[in-house]
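Asks: Taken in order, the sequence shown gives residues 0 to 236; the numbers are from numbering that gives the first Met the number 0.
You may find that some hints are simply not true.
To be verified - What follows is a list of derived Cβ distance ranges for each label pair:
hint, residue 1, residue 2, range
1, 98, 122, 26 to 32 Å
2, 68, 135, 25 to 31 Å
3, 191, 212, 22 to 28 Å
4, 57, 193, 33 to 39 Å
5, 106, 189, 22 to 28 Å
6, 62, 178, 47 to 53 Å
7, 227, 68, 31 to 37 Å
8, 96, 163, 27 to 33 Å
9, 218, 33, 40 to 46 Å
10, 189, 36, 23 to 29 Å
11, 212, 178, 43 to 49 Å
12, 223, 163, 24 to 30 Å
13, 95, 187, 47 to 53 Å
Bear in mind the hints are in silico, worked out from the structure with no lab data behind them.
Virtual Cβ for every residue (Gly too), placed ideally from N, Cα, C.
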Amino acid sequence: MTHFLSRRRFIRNSLALTTAGGLAARFGYARPVPPSDRIALGFIGLGYQGMSQLRGGQWAEKGGFIGRPDTRVLAVCDVNSQRREAAQQAVNEHYGNRDCTAYHNYQELLARKDIDAVVIATGDRWHAPLSVAAAVAGKDIYCEKPHTLTIRQAQEVAETVGRYATVLQVGTQQRSWFEFRFACELIRNGYIGHVENVTVNVGGPPLWYCDAPPEPEPSWLDWNTWLGPAPWRPYTS
0 MTHFLSRRRF
10 IRNSLALTTA
20 GGLAARFGYA
30 RPVPPSDRIA
40 LGFIGLGYQG
50 MSQLRGGQWA
60 EKGGFIGRPD
70 TRVLAVCDVN
80 SQRREAAQQA
90 VNEHYGNRDC
100 TAYHNYQELL
110 ARKDIDAVVI
120 ATGDRWHAPL
130 SVAAAVAGKD
140 IYCEKPHTLT
150 IRQAQEVAET
160 VGRYATVLQV
170 GTQQRSWFEF
180 RFACELIRNG
190 YIGHVENVTV
200 NVGGPPLWYC
210 DAPPEPEPSW
220 LDWNTWLGPA
230 PWRPYTS
């Protein structure tokens, strides 16, 4: 069996996939989704990325999760009370009720039996610990990248997700978006010829230090929990 697709077959299959996806999104959402079929969601971390996933943004689905007929956001969690309350208000205003509960402690959210899955959009240091905790609680998981900071963390998450038979997706969209997959298949199957040069953009250099002066911790932020697994340092805005 050959590992190479004919050009005609490759394009035909690609068009079939995109057409099917487009039709599913276009016509599937037109039908009312029974409440029993909706995925009950909890959000952990409501900064820029978390709110983009909630309401829609540049790197998120248009309308966000609250705009989907097949999901229902029941809870939000953040150690920043301003973000937590703003997210709760946004959800309740969208649904026209007061059903969304706001939590300071993520463990309380994960303990809820009526929540099927969680969206994790905290700082990077929290991604792996929260994914493990969510899997143990039996929740399916969407987690922003980077999913872990070490190889051992990645192994622990994979082992836990497998043990508790939960579903995990990491928000590395450029690994799954059609445009990128299409380009990969063109290269792998030789349609553009031999690749001699690749240009990569990885952004600017990281900031390895911070010498900003310490400030008083604001009343609306649980600074110690915000730091979490990271080394302790004084608060600075």
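Asks: Failing hints, ascending?
Replies: 3, 5, 6, 10
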